[in-house]
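Chains A and B supply the protein sequences, listed in that same order.
The first sequence runs 1 to 274 under full-length UniProt numbering.
The second sequence runs 1 to 274 under full-length UniProt numbering.
Calculated from the structure, these hints are not laboratory results.
Hints may contain errors.
Lysine to aspartate or glutamate pairs mimicking DMTMM-like chemistry, simulated, CA-CA at most 25 angstroms apart [stated by the list, open to error]:
id, chain 1, residue 1, chain 2, residue 2
1, B, K77, B, E26
2, A, K8, B, E186
3, B, K77, B, D123
4, A, K257, B, D218
Which stretches of chain A does chain B cover? Using the computed rule of at least three CB atoms under 8 angstroms from a CB of chain B, they are [claimed, not checked]:
id, segment
5, 157-164
6, 260-267
Computed footprint of chain A on chain B, listed as stretches where at least three residues anywhere in the stretch have a Cβ under 8 angstroms from a Cβ of chain A [to be verified]:
id, segment
7, 153-160
8, 177-186
9, 196-203
10, 226-234
Note that CB positions come from ideal geometry on N, CA and C, so glycine has one too.
Number of protein chains: 2
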Amino acid sequence: MNTPSTLKVACQQLAPRIGELDYNRELGATAIRQAAARGAQVVVLPELVQSGYLFHDRQEALALSETLDGPTLSLWKALAEELQVVIVGGFCERLEQGQVANSAALVEPEGAVTLYRKAHLWDGENLIFTPGNEPPPVVATRFGPIAVMICYDLEFPEWVRLPALAGAALLCAPVNWPNGPRPAGERPAEMVRVQANAAVNRMFIAACDRCGEERGVDWVGGSTIVDADGYPLAGRERQASAQLLLAELDLGQAWHKSISEHNHVHLDRRPALY
Amino acid sequence: MNTPSTLKVACQQLAPRIGELDYNRELGATAIRQAAARGAQVVVLPELVQSGYLFHDRQEALALSETLDGPTLSLWKALAEELQVVIVGGFCERLEQGQVANSAALVEPEGAVTLYRKAHLWDGENLIFTPGNEPPPVVATRFGPIAVMICYDLEFPEWVRLPALAGAALLCAPVNWPNGPRPAGERPAEMVRVQANAAVNRMFIAACDRCGEERGVDWVGGSTIVDADGYPLAGRERQASAQLLLAELDLGQAWHKSISEHNHVHLDRRPALY
Numbered sequence: 001m002n003t004p005s006t007l008k009v010a011c012q013q014l015a016p017r018i019g020e021l022d023y024n025r026e027l028g029a030t031a032i033r034q035a036a037a038r039g040a041q042v043v044v045l046p047e048l049v050q051s052g053y054l055f056h057d058r059q060e061a062l063a064l065s066e067t068l069d070g071p072t073l074s075l076w077k078a079l080a081e082e083l084q085v086v087i088v089g090g091f092c093e094r095l096e097q098g099q100v101a102n103s104a105a106l107v108e109p110e111g112a113v114t115l116y117r118k119a120h121l122w123d124g125e126n127l128i129f130t131p132g133n134e135p136p137p138v139v140a141t142r143f144g145p146i147a148v149m150i151c152y153d154l155e156f157p158e159w160v161r162l163p164a165l166a167g168a169a170l171l172c173a174p175v176n177w178p179n180g181p182r183p184a185g186e187r188p189a190e191m192v193r194v195q196a197n198a199a200v201n202r203m204f205i206a207a208c209d210r211c212g213e214e215r216g217v218d219w220v221g222g223s224t225i226v227d228a229d230g231y232p233l234a235g236r237e238r239q240a241s242a243q244l245l246l247a248e249l250d251l252g253q254a255w256h257k258s259i260s261e262h263n264h265v266h267l268d269r270r271p272a273l274y
Numbered sequence: 001m002n003t004p005s006t007l008k009v010a011c012q013q014l015a016p017r018i019g020e021l022d023y024n025r026e027l028g029a030t031a032i033r034q035a036a037a038r039g040a041q042v043v044v045l046p047e048l049v050q051s052g053y054l055f056h057d058r059q060e061a062l063a064l065s066e067t068l069d070g071p072t073l074s075l076w077k078a079l080a081e082e083l084q085v086v087i088v089g090g091f092c093e094r095l096e097q098g099q100v101a102n103s104a105a106l107v108e109p110e111g112a113v114t115l116y117r118k119a120h121l122w123d124g125e126n127l128i129f130t131p132g133n134e135p136p137p138v139v140a141t142r143f144g145p146i147a148v149m150i151c152y153d154l155e156f157p158e159w160v161r162l163p164a165l166a167g168a169a170l171l172c173a174p175v176n177w178p179n180g181p182r183p184a185g186e187r188p189a190e191m192v193r194v195q196a197n198a199a200v201n202r203m204f205i206a207a208c209d210r211c212g213e214e215r216g217v218d219w220v221g222g223s224t225i226v227d228a229d230g231y232p233l234a235g236r237e238r239q240a241s242a243q244l245l246l247a248e249l250d251l252g253q254a255w256h257k258s259i260s261e262h263n264h265v266h267l268d269r270r271p272a273l274y
């Protein structure tokens, strides 16, 4: 392994518009260029940023879906190569036989595209998407090993463990967190769970939320970039509007799983008992 | 199942003194009486409140250890019966052949005592204690099903899942959280992890920390009582000194694991993939 290095990651919290594919593609491209211009090496976009989120039904989702050679992923591939960045973003993926998946792509500057299909579906997604059955990938990018999962997946610590145990230093998570009530002054529980997931694995997590009311739903706007100790480096508070979060990660922190002379967050697990 | 009811739980954050068994016993008894007088039905005390924490070695721990019929557990049994409360507290348990465990007892007003032995040992504890090999118990108390684990156990979400899946509505966790650096304005990661553990299981958690410098170590003072949504009902901020936290729990929240029309925090797990 090379000497641990730093990595500059960006979350681009955006407001895609449901069904406006051209608008969303342009919105994403502008955001990627902006983040790269600020020095980002990894740019994370929201879940389903290509299509919008609140489909009426599977037919609408299918009509808005893309395959791997569709215009959005083709554009992300071109931008990743041009800007020499890794792009992680969510899109509505067209599968065979009229099925669709809530997917995310990790696009590398060298041209490789790694897909992840959301395995834990939220609410009405169960009526629309085919769930993924594969664990979150860990991709050995030029910037370090990066994993991908999507939104509600983060509520299953068992799921987050898998890429952490497989060596991910950074988990990129496109999310769309619907907003809800919470006690005054409290950081949203969605962000709190990201913190805990990071801390118990000593793994960086960049969660990129969306904003912009859509079909009666608004969003937490809780994009956050959390360090290996579980504290936010950027995105300490929710913000209802668009925002660009940037943080420089000292990836060496994620290689060091020892948290005391006699403790290691992964080797201390007792899987025979779980 | 009976109609869901409310339960009043207390955390008594105290400053035991290492090796001062009589002092600690009296400190605990006073705290239990005080909490009961405030209406608590379940009283949680810190980890190793009977003995103190920072033993020099196993010999010192052994000399300060007790068995189930020792003076501390005998007193807790008498107080549980007299005050008609459940008591959960940590003690240094004498095992056979000169071994000791970092244990917690759940003492019911009817006289039953349920033991738990810490399964994930922190730092120097590895040189002193024999780890437990049994999952956290879930005890059907008169106030509802209550589970017990200890401190570093909470950093393993797989471990917290076990009593949650077994039906616990409230997890009581005696802890001794050594204090450390954290970013200004941030809630300690120890408390954040409790929040996340509660939210992903829709289970109440009462974590009772200690205070009072001991052999050069001070403590987070992070006692907190968290609801099934993952937000603190009491103990929003750390407090370095002794404190009594009280919260009334609507246990019905913990019976309802559904978080949307199509989601259930436990049934949505995909254990075949983990």
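Structure-based check of each hint:
Distance restraint check for K77(B) and E26(B): the Cα-Cα separation of roughly 14 angstroms lies within the 25 angstroms cut-off, and the hinted pair is therefore satisfied. Taken as a hint, the K8(A) and E186(B) pair is honoured in the structure, with Cα atoms around 23 angstroms apart against an allowance of 25 angstroms. Between the alpha carbons of K77(B) and D123(B) the distance comes to roughly 31 angstroms, so the proposed pair goes past 25 angstroms and is violated. Taking the CA atoms of K257(A) and D218(B), the gap is about 23 angstroms. The hint holds against a cut of 25 angstroms.
Residues of the segment 157-164 of chain A with a Cβ under 8 angstroms from some Cβ of chain B number 5, which satisfies the need for three, so the listed coverage holds. Under a criterion of three residues with beta carbons nearer than 8 angstroms to beta carbons of chain B, the stated coverage of the segment 260-267 of chain A is upheld, 5 such residues being counted. Coverage of the segment 153-160 of chain B by chain A holds in this model, with 5 residues showing a Cβ closer than 8 angstroms to a Cβ of that chain against a need of three. Against chain A, the segment 177-186 of chain B contributes 4 residues with a C-beta closer than 8 angstroms to a partner C-beta. That satisfies the three-residue criterion, and the hint holds.
Only residues whose beta carbon comes within less than 8 angstroms of a beta carbon in chain A count, and the segment 196-203 of chain B has 4; three or more means the coverage holds. Here the segment 226-234 of chain B counts 4 residues with a CB under 8 angstroms from a CB of chain A, which clears the bar of 3, and the coverage holds.
The structure fails to meet hint 3 from the earlier list, while all remaining hints are met.
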